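J.: Throw the hints in and build the complete structure from the sequences for me.
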Amino acid sequence: MPTVLMRALFTSLLAPSGPALPPVVSRTPLVFFHVDSGGCEACGLEVEALMTGNYGLAEAGVTFADSPRTADMLLVTGCCSRMMAPVVKAAWETMPQPKGLLAVGACAIDGGPFSRNYAVLGGLQAQASVDCAIPGCPPSPDAILDGIIRLLSPTSPPPPRVDA
1 MPTVLMRALF
11 TSLLAPSGPA
21 LPPVVSRTPL
31 VFFHVDSGGC
41 EACGLEVEAL
51 MTGNYGLAEA
61 GVTFADSPRT
71 ADMLLVTGCC
81 SRMMAPVVKA
91 AWETMPQPKG
101 LLAVGACAID
111 GGPFSRNYAV
121 LGGLQAQASV
131 DCAIPGCPPS
141 PDAILDGIIR
151 LLSPTSPPPP
161 RVDA
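Residue numbers (the UniProt record's numbering): 1 to 164.
Don't take every hint at face value.
Per label pair, the in silico range of CB-to-CB distance [said to hold, decoys possible]:
(1) Pro113 <-> Pro29: 29 to 39 angstroms
(2) Glu93 <-> Met51: 21 to 31 angstroms
(3) Arg116 <-> Val87: 17 to 27 angstroms
Calculated from the structure, these hints are not laboratory results. Just so we're clear, the structure is a prediction, and the values are computed from it rather than from any experiment. All residues carry an ideal CB built from backbone N, CA and C; glycine is no exception.
T.: Given below as structure tokens:
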């Protein structure tokens, strides 16, 4: 008799209680490669805080790669300086298809306080087609993660798209 009770108890505890909920993101994680292309480095620090902090990136379906060869999206922070433009371009060309471009912060989107001059090309908006833009100066790690989740979530409205 005790064996039957134990089996019934384990069956009731381990059995699913209802229909399975659909996942918020895809089964494979979305892999980002981060390039800080110039500026004051504040947005880059916020991305680093997101990467190293306890923000639940794995649960959100997000990881960061050390190489653009394994990345799905290029995450760019900072205004695009003339010295970093070849680095951003090389990272973009190295990434496999399909790929996307994420601009984090006012500088990455439109140059922010850094106007176009001999050393700065401005933001990505003037250089390329941006798939997702997360505004702020700098945006917090929570805001960056929220923008990424909105990008991935099929039920929420898509994040704003900035076209060149």
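J.: Indicate, hint by hint, whether the structure satisfies it.
T.: Hint by hint, here is what the structure shows:
{"no.": "1", "hint": "Pro113 <-> Pro29: 29 to 39 angstroms", "result": "holds (34 angstroms)"}
{"no.": "2", "hint": "Glu93 <-> Met51: 21 to 31 angstroms", "result": "holds (24 angstroms)"}
{"no.": "3", "hint": "Arg116 <-> Val87: 17 to 27 angstroms", "result": "holds (19 angstroms)"}
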